[in-house]
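Protein chains: 2
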Amino acid sequence: MVKINDNYLKLPGSYLFSTIGKKVREYSGSHPDKKIIRLGIGDVTLPLAPAIISALHSAVDEMGRAETFRGYAPDLGYDFLREAIAEHDYRARGCAIDADEIFVSDGAKCDSGNIQEIFSLDSRVAVCDPVYPVYVDSNVMAGRAGNYDSDAGTWSDVIYMPCTADNAFVPELPDETPDLIYLCFPNNPTGAAVTKARLQEWVDYACKVGAVILYDAAYEAYITEDDVPHSIYECDGAKSCAIELRSFSKNAGFTGLRLGFAVVPKGLERGGVSLHALWARRHGTKYNGAPYIVQRAGEAVYSQAGKAQLAEQIAYYRKNADYIYKGLKEAGYTVSGGVNSPYIWLKTPKGMSSWEFFDCLLEKADVVGTPGSGFGPGGEGYFRLTAFGSYENTVEAVDRIRAL
Amino acid sequence: MVKINDNYLKLPGSYLFSTIGKKVREYSGSHPDKKIIRLGIGDVTLPLAPAIISALHSAVDEMGRAETFRGYAPDLGYDFLREAIAEHDYRARGCAIDADEIFVSDGAKCDSGNIQEIFSLDSRVAVCDPVYPVYVDSNVMAGRAGNYDSDAGTWSDVIYMPCTADNAFVPELPDETPDLIYLCFPNNPTGAAVTKARLQEWVDYACKVGAVILYDAAYEAYITEDDVPHSIYECDGAKSCAIELRSFSKNAGFTGLRLGFAVVPKGLERGGVSLHALWARRHGTKYNGAPYIVQRAGEAVYSQAGKAQLAEQIAYYRKNADYIYKGLKEAGYTVSGGVNSPYIWLKTPKGMSSWEFFDCLLEKADVVGTPGSGFGPGGEGYFRLTAFGSYENTVEAVDRIRAL
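Protein chains in written order, with the numbering used here: chain H, 1 to 404; chain V, 1 to 404.
Do not take every clue at face value.
Below 27 angstroms or equal to it, Euclidean Cα-Cα: the simulated DSS-like pairs (lysine-lysine) are [to be verified]:
1. V:Lys22 x V:Lys3
2. V:Lys347 x V:Lys34
3. V:Lys266 x V:Lys319
4. H:Lys35 x H:Lys319
5. H:Lys10 x V:Lys266
6. V:Lys364 x V:Lys350
7. H:Lys3 x V:Lys347
8. V:Lys10 x V:Lys23
9. V:Lys319 x V:Lys329
10. H:Lys22 x V:Lys266
11. V:Lys35 x H:Lys23
12. V:Lys350 x V:Lys326
13. V:Lys23 x V:Lys266
14. H:Lys266 x V:Lys347
15. H:Lys3 x V:Lys208
16. V:Lys3 x H:Lys208
17. H:Lys10 x V:Lys3
18. V:Lys364 x H:Lys266
19. H:Lys196 x H:Lys208
20. V:Lys208 x V:Lys196
21. V:Lys326 x H:Lys266
22. H:Lys350 x H:Lys326
23. H:Lys3 x V:Lys319
24. V:Lys22 x H:Lys266
Across the chosen pairs, the derived CB separations fall in these ranges [stated by the list, open to error]:
25. H:Glu176 x V:Asp98: 44 to 54 angstroms
26. V:Ala305 x H:Glu363: 42 to 52 angstroms
27. V:Glu87 x H:Arg93: 18 to 28 angstroms
Treat the hints as calculated values from the structure; they're not laboratory data.
Just so you know, even glycine gets a beta-carbon here, dropped at the ideal spot from N, CA and C.
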C-alpha cells in the first residue's frame with residue numbers, strides 16, 4: 001500500500017488566500033447588493049500595457065505560421081529575454097550578472113516554492129516573521145520544518161526572525177545559525193525596505209557562516225528611495241551567497257501571464273557543487289520553459305515604449321499606496337510600508353486580532369484586506385492593504401475605513 | 001554551511017535531450033553545408049491551428065482592456081477549460097470524471113516530475129524499461145531511487161518492468177510489489193499501445209495491492225485501434241487507483257504554449273487521505289495557474305473548428321508515422337510502434353548500440369533520432385524516430401536511411 005507524504009498533513013488549514021477567497025465569496029453571496037472593494041490579495045488590476053499587448057499579438061502570429069512557429073522553448077529561457085534581463089535589471093545597475101545566470105520561469109511563486117529542492121533535507125531554514133507563506137509551507141511539505149505548535153503558530157525546526165515596529169520590520173541577524181535564509185525586500189507583507197548597508201550585513205553574515213540567501217525582489221519596481229538596493233547583487237560578495245528571485249507580476253502586471261526568473265550566479269557553490277548546475281538540472285528535468293509568447297511579452301517590458309508605459313502603471317499604483325498611507329495615518333492608524341512598496345501594513349485598532357479586523361472591514365466597510373496573522377504569528381495585530389486596486393476604489397475604500 | 005541535495009549528484013550525465021542537442025549542434029557547426037533532418041525530440045512542427053490562433057488573439061485583447069483584464073488565475077484552472085476537458089475527453093467516452101477532478105497545469109512534463117511529491121519518500125517506484133527519463137530522474141532527485149549501477153544502468157530501489165519484443169513492449173505485472181506504477185500508453189518511447197483488457201489487469205492489480213498508477217496518456221490522440229483505451233478511466237475501478245496525466249502538446253501542438261492537466265479523482269485515497277486534496281494543496285502552494293490566454297487556447301481545442309483542424313494535423317503526423325513504419329520495414333528493419341503513436345521504435349541493424357546508430361545516422365544520413373538506451377537499459381539496441389517532422393523531410397529522411 002502506497003503511503004502519502006505525511007508532511008502535508010502537518011500543514012494547518014488551507015493556503016491563506018484560499019481562505020480569504022472563501023470568506024469573501026460567502027459574504028458576497030449573502031450580501032449581493034454590496035459593492036466589495038478588494039485590497040487583499042496582491043493582484044494587479046490595470047490592463048497589460050500596449051507595448052506588451054502588441055508583442056503578444058506578434059508572437060501569436062508567429063505561432064500561426066510554419067516558418068516562425070516555435071515548439072519547445074529552451075529549458076532555461078530564450079536568449080533574447082535572458083539578455084534583456086541581464087542588461088536592464090543588472091548591468092544597468094552595475095551588477096555583473098550574465099544572461100546565462102538567468103533562469104526564466106513561470107513566476108516567483110513557483111521558484112520560491114521549488115528552490116528548496118536543491119538543498120539537503122536537513123537544512124535549517126530561517127524566515128522573517130511575518131512572512132510570505134510559500135517559503136514556510138514548501139519547506140513543511142519537504143519535511144524541513146519539524147512540528148507545528150498550533151498555540152504559538154510556529155514550526156519547531158524553523159528559525160523565526162521577528163520583524164516588528166521596534167526594528168522597523170527589518171530583522172536582526174539570528175542567534176541560531178541557519179543554512180537557508182529567506183529574505184524579501186521590499187517586503188511582503190510589511191512593505192518594509194532594507195538599505196544597502198543593512199543588506200550588506202546579511203550578505204557578509206551569509207558568506208561567513210556558509211548560508212545561502214534566497215532573496216525575493218518581486219517588488220523592486222516600487223522602490224523610491226536612493227539607499228534601497230534593487231538587487232542583492234548591489235552588495236559586495238552577494239554572488240557567493242545569494243540566489244535572487246524576480247517576477248514580472250508586479251512591475252508589468254503579469255499575474256495572469258506568468259513570468260519570472262531566478263538568478264543563480266555561476267560561481268555560487270556549496271561543498272564544491274555548483275548551485276547553478278543543480279538548478280539547471282532541476283529545470284531540465286521537471287520544467288519545460290515558459291511559453292514563447294509570454295517570453296516575448298517579457299522582452300517588451302524592456303523596450304522603450306514598454307518602459308515608459310510601465311513607469312506610468314507603477315506611478316498609478318504608487319499614488320494609491322500614498323493615498324492609503326496618508327489617509328489612514330491622518331485617521332489615527334499606525335501605518336508603515338507604502339513608500340518603497342505597494343503594500344501598506346497597519347496596526348489593527350483597539351487591540352483587535354487580525355481576523356477580527358478582517359471581519360470588521362468586510363462586514364462594516366465592504367473592504368477586503370489580508371489579516372497579518374496569516375503571514376505568521378508576528379503578523380498578529382496587523383493588517384495588509386494593497387495599492388493594486390483602481391484609484392477610485394482605493395479612495396472609496398480608505399474613505400469607508402475612515403468613516404468606521 | 002548549507003548542504004546541497006546530494007541525490008542530484010547521483011544522476012549520471014545530463015538529461016537525454018540536452019545531450020542530443022549538444023551533439024547535433026557540434027555536428028552542424030562543423031558541417032554547415034549539411035541539411036540535417038530532426039526526427040529525434042518529440043517536438044511538433046506544424047503551426048498552431050487557426051481556431052487556436054484566433055482564441056489567443058481574442059484573449060490577448062481581453063488582457064489589454066480594463067473591463068476584461070484577468071490577473072491571477074484560479075490555482076486549479078479556469079472552469080471553462082476544466083468543463084471542456086471533462087466533457088470532451090471524459091464524459092464523451094463514458095468516463096465519469098467531473099470538472100473539479102481536473103487540475104490544469106503548464107504541461108505533462110511538469111506534472112509527471114512533480115506528482116511524486118505527494119507520496120512518501122519510501123515509496124517503491126515501478127517503471128517500464130525503456131521509459132521516459134523524467135519519471136526516474138524526478139524520483140532520483142527526491143531520494144527514492146537508491147544507488148545507480150553504472151554498468152547495468154539501473155537504480156537499486158527502482159522496480160524495472162521490461163518491455164521487449166517478446167511481450168510486444170507491454171510489461172508483465174512485476175514480481176516485487178510496487179507502491180507507485182508509472183505507465184505511459186501509447187508509450188513513449190516504444191510507440192506500443194495497450195488494449196483495454198490488458199490495462200484492466202493493471203487496474204485490478206493496483207487496486208489489490210494498494211498501489212497508485214500514474215498514467216501518462218499524452219499521446220492518446222494518435223490511437224487508431226478500437227480496443228485501445230484513450231483513458232485509464234475506461235477501465236473499471238481506475239478511479240480508485242489511478243491518476244491520469246494529459247498534455248495539449250501532441251494533440252494540438254502546444255509544446256511551445258505549455259498546457260496540460262492531471263486528473264485526480266475525488267474518491268482516490270490512501271491511508272484515509274484524499275490524494276485530490278494533497279494535489280490541490282501542492283498546486284495552491286507551489287504553482288500559480290497556467291496563463292489565461294493559454295487556457296483560452298486550450299478551450300479552442302474543443303471547439304468545432306478546433307476539432308476539425310486538429311484532426312487534420314493528427315492525420316498529417318499519422319501519415320508520416322505510416323511512411324516511416326512501412327519504409328523502414330520494407331528496407332528490412334525490425335520496426336514497431338507507429339500505429340497508435342507518433343513514435344516508431346526500431347531495432348538497430350547489425351548489432352549496433354543505440355548511440356553507434358545515432359552517430360551513424362547523423363554522420364551518414366544527416367538524420368537525428370533518439371538512441372533507445374537513453375530511455376533505460378532495456379532500450380539498448382533500439383532507436384526512436386518521431387513523426388512530428390514535415391512530410392517532405394520525413395520522406396527524405398526515410399529515403400536517406402534506406403540508402404545507407
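Hints, one by one, checked against the model:
1. Only pairs whose Cα atoms come within 27 angstroms are accepted, and V:Lys22 paired with V:Lys3 is rejected, the gap being roughly 30 angstroms.
2. Distance restraint check for V:Lys347 and V:Lys34: the Cα-Cα separation of roughly 26 angstroms lies within the 27 angstroms cut-off, and the hinted pair is therefore satisfied.
3. Restraint check: the Cα-Cα separation between V:Lys266 and V:Lys319 comes to about 39 angstroms, which exceeds 27 angstroms; the hinted pair is violated.
4. Under the criterion of a C-alpha separation no larger than 27 angstroms, the hint pairing H:Lys35 with H:Lys319 is consistent with the structure, at around 22 angstroms.
5. A hinted pair counts as satisfied when its Cα atoms are at most 27 angstroms apart, and H:Lys10 with V:Lys266 qualifies at roughly 21 angstroms.
6. For a cut-off of 27 angstroms, the pair hint linking V:Lys364 to V:Lys350 stands: about 16 angstroms separates their Cα positions.
7. In summary, the hint linking H:Lys3 to V:Lys347 is not supported, as the alpha carbons are separated by about 39 angstroms, beyond the 27 angstroms threshold.
8. Restraint check: the Cα-Cα separation between V:Lys10 and V:Lys23 comes to about 23 angstroms, which is no more than 27 angstroms; the hinted pair holds.
9. Restraint check for V:Lys319 and V:Lys329: satisfied, since their Cα atoms lie roughly 15 angstroms apart, inside the 27 angstroms limit.
10. A threshold of 27 angstroms between alpha carbons decides the hint, and for H:Lys22 with V:Lys266 the separation of about 20 angstroms falls inside it, so the pair holds.
11. Restraint check for V:Lys35 and H:Lys23: the C-alpha separation of about 61 angstroms exceeds 27 angstroms, so the hint is violated.
12. Distance check on the hinted pair: V:Lys350 and V:Lys326 sit about 20 angstroms apart at the alpha-carbon level, within 27 angstroms; holds.
13. Proximity of V:Lys23 to V:Lys266 is assessed by CA-CA distance (about 45 angstroms); at most 27 angstroms being required, the pair is judged violated.
14. For the hint pairing H:Lys266 with V:Lys347, the CA-to-CA distance comes to about 41 angstroms; that exceeds 27 angstroms, so the pair is violated.
15. Using a Cα cut-off of 27 angstroms, the hinted pair H:Lys3 and V:Lys208 holds, with the two alpha carbons roughly 15 angstroms apart.
16. A hinted pair counts as satisfied when its Cα atoms are at most 27 angstroms apart, and V:Lys3 with H:Lys208 qualifies at roughly 15 angstroms.
17. Under the criterion of a C-alpha separation no larger than 27 angstroms, the hint pairing H:Lys10 with V:Lys3 is consistent with the structure, at around 24 angstroms.
18. With a CA separation close to 38 angstroms, the supplied pair V:Lys364 and H:Lys266 exceeds the 27 angstroms bound.
19. A hinted pair counts as satisfied when its Cα atoms are at most 27 angstroms apart, and H:Lys196 with H:Lys208 qualifies at roughly 18 angstroms.
20. The suggested pairing of V:Lys208 with V:Lys196 holds, with an alpha-carbon distance near 18 angstroms, which does not exceed 27 angstroms.
21. Between V:Lys326 and H:Lys266, the direct Cα distance comes to roughly 49 angstroms. Violation of the 27 angstroms bound is thereby established for this hinted pair.
22. The hinted pair formed by H:Lys350 and H:Lys326 meets the criterion: a straight-line CA distance of about 20 angstroms does not exceed 27 angstroms.
23. Annotation: proposed proximity of H:Lys3 to V:Lys319 is violated, straight-line Cα distance about 44 angstroms (limit 27 angstroms).
24. Between V:Lys22 and H:Lys266, the direct Cα distance comes to roughly 20 angstroms. Compliance with the 27 angstroms bound is thereby established for this hinted pair.
25. At roughly 48 angstroms, the beta-carbon separation of H:Glu176 and V:Asp98 lies within the given 44 to 54 angstroms, and the hint holds.
26. One distance hint, 42 to 52 angstroms for the beta-carbon pair V:Ala305 and H:Glu363, holds here, with the actual separation near 48 angstroms.
27. At about 51 angstroms, the CB distance of V:Glu87 to H:Arg93 disagrees with the hint of 18 to 28 angstroms.
The structure fails to meet hints 1, 3, 7, 11, 13, 14, 18, 21, 23 and 27 from the earlier list, while all remaining hints are met.
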